[in-house]
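*Asks:* Okay, here's what each chain looks like letter by letter:
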Amino acid sequence: MRERVRTVAKKEERWRGLSVSDGVVVGRVLRIHTGTRQIYRTSLDEADVARETRRFRAAVRLARRQLLAVKARAERELGPDHAYIFDAHLLMLEDRKLLDEVEDYIRRERANAEWAIKVASDRLLAVYSEIKDDYLRERGSDIEDVAQRLLVALSGERPVSRQLTQESVIVAEDLLPSAMAELDLTNARAIATDGGGWTSHMAIIARGLGIPAVVGLRDLYRRARTGDEIIVDALSGEIILYPSRQTIASYQAIATRERLTAPATPADEERTSALRTRDGVEITLSANVELPAEYEGVKKYGARGIGLYRSEFLMAKRGRLPSEEEQREAYLEVARLAGEDGATVRLFDLGGDKMGGLEPETERNPALGLRAIRFSLTHEEVLRSQARAIFRAASEGRLDVVLPMISDTTDVKRARRIIDEERAKLEQEGCEIGPLRVGAMIEVPAAVWVADKLAREVDFFSLGTNDLVQYLLAVDRGNDEVAEWFRSLHPAVLQSISHTIEAARAASIPAVVCGEMAATPAYAVLLVGLGATKLSMNPSAIPRVRRVISGIKFKDAEEIARKSLTCESADEVEELVRVRFARLWPDLFPPETLPAPKVRE
Amino acid sequence: MVERRVLIINRLGLHARAAAQLVRMANSYQSMLRLERLDGSASADAKSILSVLMLAAARGTELRLAAEGADEREAIGALCELFACGFGETEV
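Residue numbers (my numbering), protein chains in the order written: chain A, 194 to 794; chain V, 1114 to 1205.
Some chain A residues judged to face chain V by a derived CB distance under 10 Å, without partners named:
1. Asp280
2. Leu284
3. Met285
4. Lys290
5. Val320
6. Ile324
7. Asp335
8. Ile336
Hints listed in this document are in silico derivations from the structure and should not be mistaken for laboratory results. The C-beta atom is built at its ideal place from N, Cα and C for all residues, glycine as well.
Just chain A, with the same shape it has in the complex (with noise of 0.2 Å):
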């Protein structure tokens, strides 16, 4: 094993990235290695065959003293009852039924050992995928842990260990959805990763958890070592590796300040009575959720429902499309939650980043590609049974559903018509259904143009200022090359927003304002004075977003987002946010919570 021996005490090193979550942490290092191993077949030649033995039984040496030192570690660092996982590990790699296995395949079929460990793993997960207990099914996890542990000693890297302490800084390339789904995020202390940007999805999920998490830091993943110290400063955007005595004396004064100034939970008073701006216009605030981790924050932070459900998560989670049944459960769960203000699902946005392995194929540009409304109409019976899942959740609880990604009214017919279908099938089979509205997400620019007839086909409008900026902008939000070009405050951006929600109004339906704009103070109160009434933010925000509405009048709003309007570039409506909101509410806005201002060399 490849220990590196410190003998002296490293020099501090900075690194400046993106804050996408704020926070102060000390902490330490947990390197988590996200990309997919892919595991090829080689034919061997008879005379090989021992050779690939030995190598699989070195392999099994290698990864067995790996994890007698992890559990020596997990055991003095975390107490017993988090070592005995590693020990179950441990009797895995000594079991005969695995060990003789990938060894007769290797015989058998002079297969290379890392094909055969596959073979072997896959074989026993099938089985264990029939197991009815969860708890029982979900040892396969152990098992694809073990066998993933043998590949990567097979390939002579370091093993990543997906164990999370108290003190974890999850240091990482990139943190995909599922990767995102398998970690127990609610123990992270803070999330830093060279990739991402301000909307990735990491970004979202850390804001909903209130962790810590800066993006964009290049090449920190190559340079930091799982148990190396570090200082994640959120606040800052900055990240120092091998702290000196004194920089982390300094920052655990400030991790100290910074939990007891943090948002504490409103009073209950405060966060159930009505929001009203100052002259009396009702705002409604709602919580955008994906994790369950997140749901605690709805009841907590005050939330009026569920402005928006990210259901894809459940396949995330699992890797395969839910069962009818495991989403209607799901469905419920959060219709329970929202309780009677309801909560609005949107339908799996599938496809591009956010894939869940049904089509392995790569398309060239994803974004633009087989997703959302897209890949639901593509594949029927995905749509078919989410929509059978949600009419069967809604007799028991408050649901909506919205349709991601809509470009025109076709979109919409065409869903539509599949939904009422299984509703009218769903009445045959004579099972309970309740009610549902169906919404469509603007998020397409081209569905901006024609909102007025999208308007006369549904029931609301989920405005989803992620992609919206995205699209409408042409920057990829998840690339921090092009992140200066990512601008929400685009005069072309409140332009759609307020035509959007001006067709909305003509037409009497609703408009939920739900991306990432609605969850920062400034620009949710640049949204209110467009005329938005509903927003929907990740739970953590609402306390916020609640002070500084309740702190202004809409007329102000109104009038500045009017003249914002009309600018011609994105640097002129931050520079009139940042020069009127600091004259008419300083209290409210103190300068870092403005748009800094450019500096130009």
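Position chain V relative to chain A; hints supplied.
*Replies:* Using the frame of chain A, we list chain V on its own:
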């Protein structure tokens, strides 16, 4: 050969931790040790964790434990004790 019936009383059943304890203990005896569901639908080698986990024995499951070998009496006694104490879990 000796045989006894055992009942799984701990909350999570024969999950990873309990199975690991069982398999570790089973491996400290020479005797062959087998666990079987009473209806005969599944049986497992108590010395193989993969085999034990595949029994998918949840709380409340009753199993037949059989031991055969030089130390069969000690082995079956020790294993039965482990089942009886719910694998030492506080949360039973």
